[in-house]
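Modelling step: build the complete structure from the supplied sequences, incorporating the hints.
2 protein chains.
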Amino acid sequence: MKGANVMRTLALASLACGFCWGQAASDCKPSTLNIPGAQYPCVYSDNRVTLRVMAPDAKQVQVRMAGTHNMTRGADGAWTVTTPPQVVGFHYYNLVVDGAQVADPATYTFFGSGWLNSGIEIPEKTGGEYYQAQNVPHGDTRLQWYFSKVTQKWRRCFIYTPPGYNTSKAKYPVLYLMHGWGEDETGWHIQGHADYILDNLIAAKKAKPMLIVMDNLNAAKPGEDASLFNARGFGGPAPAKPEPGRAPGAAAGRGASPFGANFGATFTEMMFTDLIPMAENNYRVLAGRENRAMAGLSMGGMQTFTTTLANLDRFAYIGGFSGSSGGPGRGGATWDPKTASGGVYADPAAFNKKVKVLFLGIGSVEGPNTKNFSDALTKAGIKNVYFESPGTAHEWLTWRRCLNDFAPRLFK
Amino acid sequence: MKGANVMRTLALASLACGFCWGQAASDCKPSTLNIPGAQYPCVYSDNRVTLRVMAPDAKQVQVRMAGTHNMTRGADGAWTVTTPPQVVGFHYYNLVVDGAQVADPATYTFFGSGWLNSGIEIPEKTGGEYYQAQNVPHGDTRLQWYFSKVTQKWRRCFIYTPPGYNTSKAKYPVLYLMHGWGEDETGWHIQGHADYILDNLIAAKKAKPMLIVMDNLNAAKPGEDASLFNARGFGGPAPAKPEPGRAPGAAAGRGASPFGANFGATFTEMMFTDLIPMAENNYRVLAGRENRAMAGLSMGGMQTFTTTLANLDRFAYIGGFSGSSGGPGRGGATWDPKTASGGVYADPAAFNKKVKVLFLGIGSVEGPNTKNFSDALTKAGIKNVYFESPGTAHEWLTWRRCLNDFAPRLFK
Numbered sequence: 001m002k003g004a005n006v007m008r009t010l011a012l013a014s015l016a017c018g019f020c021w022g023q024a025a026s027d028c029k030p031s032t033l034n035i036p037g038a039q040y041p042c043v044y045s046d047n048r049v050t051l052r053v054m055a056p057d058a059k060q061v062q063v064r065m066a067g068t069h070n071m072t073r074g075a076d077g078a079w080t081v082t083t084p085p086q087v088v089g090f091h092y093y094n095l096v097v098d099g100a101q102v103a104d105p106a107t108y109t110f111f112g113s114g115w116l117n118s119g120i121e122i123p124e125k126t127g128g129e130y131y132q133a134q135n136v137p138h139g140d141t142r143l144q145w146y147f148s149k150v151t152q153k154w155r156r157c158f159i160y161t162p163p164g165y166n167t168s169k170a171k172y173p174v175l176y177l178m179h180g181w182g183e184d185e186t187g188w189h190i191q192g193h194a195d196y197i198l199d200n201l202i203a204a205k206k207a208k209p210m211l212i213v214m215d216n217l218n219a220a221k222p223g224e225d226a227s228l229f230n231a232r233g234f235g236g237p238a239p240a241k242p243e244p245g246r247a248p249g250a251a252a253g254r255g256a257s258p259f260g261a262n263f264g265a266t267f268t269e270m271m272f273t274d275l276i277p278m279a280e281n282n283y284r285v286l287a288g289r290e291n292r293a294m295a296g297l298s299m300g301g302m303q304t305f306t307t308t309l310a311n312l313d314r315f316a317y318i319g320g321f322s323g324s325s326g327g328p329g330r331g332g333a334t335w336d337p338k339t340a341s342g343g344v345y346a347d348p349a350a351f352n353k354k355v356k357v358l359f360l361g362i363g364s365v366e367g368p369n370t371k372n373f374s375d376a377l378t379k380a381g382i383k384n385v386y387f388e389s390p391g392t393a394h395e396w397l398t399w400r401r402c403l404n405d406f407a408p409r410l411f412k
Numbered sequence: 001m002k003g004a005n006v007m008r009t010l011a012l013a014s015l016a017c018g019f020c021w022g023q024a025a026s027d028c029k030p031s032t033l034n035i036p037g038a039q040y041p042c043v044y045s046d047n048r049v050t051l052r053v054m055a056p057d058a059k060q061v062q063v064r065m066a067g068t069h070n071m072t073r074g075a076d077g078a079w080t081v082t083t084p085p086q087v088v089g090f091h092y093y094n095l096v097v098d099g100a101q102v103a104d105p106a107t108y109t110f111f112g113s114g115w116l117n118s119g120i121e122i123p124e125k126t127g128g129e130y131y132q133a134q135n136v137p138h139g140d141t142r143l144q145w146y147f148s149k150v151t152q153k154w155r156r157c158f159i160y161t162p163p164g165y166n167t168s169k170a171k172y173p174v175l176y177l178m179h180g181w182g183e184d185e186t187g188w189h190i191q192g193h194a195d196y197i198l199d200n201l202i203a204a205k206k207a208k209p210m211l212i213v214m215d216n217l218n219a220a221k222p223g224e225d226a227s228l229f230n231a232r233g234f235g236g237p238a239p240a241k242p243e244p245g246r247a248p249g250a251a252a253g254r255g256a257s258p259f260g261a262n263f264g265a266t267f268t269e270m271m272f273t274d275l276i277p278m279a280e281n282n283y284r285v286l287a288g289r290e291n292r293a294m295a296g297l298s299m300g301g302m303q304t305f306t307t308t309l310a311n312l313d314r315f316a317y318i319g320g321f322s323g324s325s326g327g328p329g330r331g332g333a334t335w336d337p338k339t340a341s342g343g344v345y346a347d348p349a350a351f352n353k354k355v356k357v358l359f360l361g362i363g364s365v366e367g368p369n370t371k372n373f374s375d376a377l378t379k380a381g382i383k384n385v386y387f388e389s390p391g392t393a394h395e396w397l398t399w400r401r402c403l404n405d406f407a408p409r410l411f412k
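So the sequence lines, in the order shown, correspond to chains A and B.
FYI, my numbering numbers position 63 of the first sequence as 63, with every residue one higher than the one before it.
FYI, my numbering numbers position 306 of the second sequence as 306, with every residue one higher than the one before it.
Just so you know, these hints were derived from the structure itself, not from any lab.
Incorrect hints may appear among the rest.
Heads up, the list lumps identical chains together, so a pair's fine if it works in one copy or across two of them.
[What the hints assert, rightly or not] With a cut-off of at most 27 Å between alpha-carbon atoms, the simulated DSSO-like pairs for lysine-lysine come out as follows: (1) Lys169 to Lys208; (2) Lys153 to Lys205; (3) Lys383 to Lys125; (4) Lys412 to Lys371; (5) Lys221 to Lys153; (6) Lys125 to Lys153.
Since the model is a prediction, treat every value here as computed from it, not as a measurement.
Have a look at this one:
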């Protein structure tokens, strides 16, 4: 409504229909992630996806969704394509319009790979109810600001409080739950549906009521390089060779080692100095390590292992979803339980007594590294839970399933 | 990280820089709404804006930001333009790449005109602190789900709770605050910064601590037309004449009268049946009309007047920001205080006793209608507050200023 009178614009609304699209085929259902009213992208029962975008003057329009799909121009200037069947779950995707990598204007946008992508949800045929809104009591999720002494900046986290929190006086245990590379504190709420998953588990009495604190992994002290989670293509040095086919930020960088420097250490320091005290001072939280869990996906899993294994006096529950602290499968490196992770596994009896749950989850399509790690831990006498999501890759459906399996194991 | 191993992708990150951009001119500061790391769009001290987008194969790229600006292609495939000085405040904008209207991938996205636009913030030279995070106690904002008996759907609203709410036992008054056409329940939090505005007013003891409930105007019963807030271009009938230059949804429609049918009535019924009971049952809320305010911007202001004027037994404070219930300036129609709005103004003494604050706000660039309405009300003996935001149009800076002026008048 920029600079316009609302009445005038609404009057115009009845005269023009510049971006109208025809109805989708009756057996192609609009994706649940579309903006209100958008018929495309739509998903067929066999998981093919049809997309449509207006680009009347373009000479090439492509969709990047598990590969690149060339769209075809219609007489009305709309480009369409139907993709092969997609894997079930949530997928980031984007369009390439004459070399410009952009989000599809027909969907809500999702922060991943450092920018606001489009997203599509390929529903599971059965069993997807656990991450969807059901007719059960719902908790709420809070956008909580706090000032970090460590980073000297205001930070925002999402905090899920379970049904009944607002009207009870009870105290609750806390799960600290981390996103992955290129994502932010919105990921577990928006892509992951952590709130629905816990609402449903709590209603079924499968999980204890708990708080979930979802923070942003990006924590840098003044002067530290904060670029790891940035859209690295935006603002870096000029490219030696433009690669227009690459998603903004998806695989561009400044050459720095992403896991070097103090990145994980700064987050851990910030967590102990700022985040946990804020949560425990502002919310009704049960104290002590047996009421505190940490888990994360991908890089967030690596952060989880880095933070918790060095601080077992503070955490009794640990979860890595498609990401942990490595193991024998990672690049063929030797993994020695006596020395790995600062020797935390060297005394299995002591470790098993302290760590109530050590959870390793992975999608079956992601490869054997996590299974190898789990087996090596078991061989070393370290109790652990290995969870494999059938038929899913390094994506949010794997991580929703991980959370759904992990949360019931907590605080028992 | 779709289908990819995080380690592999991060390794690639050091090899390629497909979308890297050069540094912005030193006196051009990245917009505060850019995604992390993005140097463009940037804003000069005289409010000119430079934008840059990679589109190596495009033949025309334009920016729609208070007019249409043709971008120029550089040898590296990046298109750039510097716009004339922009008005201060928040502006939706978008790109047109060979006829495809899309968001700029360099910024966060904002729900307006029915889709996820890009946004740019042109900072005020002085006086903008009130809507920015300051080193004061912060409330939190809750994403609250509730089931509507009226619409038979789960709905989400945002609820701001003031600093101290979590740790006190006090009860608070409530402001119900509505967005405008094509926006949703996220608008007042994300574009409007209602949380910062109240945090700062409360810290300065200018406003009473209060809750703010920010709901979605889109409320339709099963079978009712819910398209008013949709991106009307997406999914409607085929266009008689494509208009590629028009923003998706901005001025496309189905020909229905946007203010007809039961649209406002259904929202009012939903508000009384579902929303207010949910808020009052789940939050510590003071009962009674003198602890209940309603305000809104543009169409949300019209909804406010529709809802409150017919229900003065439930509301004592009313605010219309660039939108109300009309008046003599609107289309030259005769406005008669004896009969307008169901005759609610016919007895000025009774009205003035019931309505503690009747607030009419507007941007000075928007025209005289609101001032004319205020004058007509005054002439009819109806007390009202007229607030004019200097130099701003039908945009969010007008509405931030309205809220900043309106909130201190509440619940006194």
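Structure-based check of each hint:
{"no.": "1", "hint": "Lys169 to Lys208", "verdict": "both (16 Å within a copy, 25 Å between copies)"}
{"no.": "2", "hint": "Lys153 to Lys205", "verdict": "between (39 Å within a copy, 24 Å between copies)"}
{"no.": "3", "hint": "Lys383 to Lys125", "verdict": "neither (34 Å within a copy, 60 Å between copies)"}
{"no.": "4", "hint": "Lys412 to Lys371", "verdict": "within (25 Å within a copy, 64 Å between copies)"}
{"no.": "5", "hint": "Lys221 to Lys153", "verdict": "within (9 Å within a copy, 45 Å between copies)"}
{"no.": "6", "hint": "Lys125 to Lys153", "verdict": "between (44 Å within a copy, 22 Å between copies)"}
In summary, the one numbered hint that this structure violates is 3.
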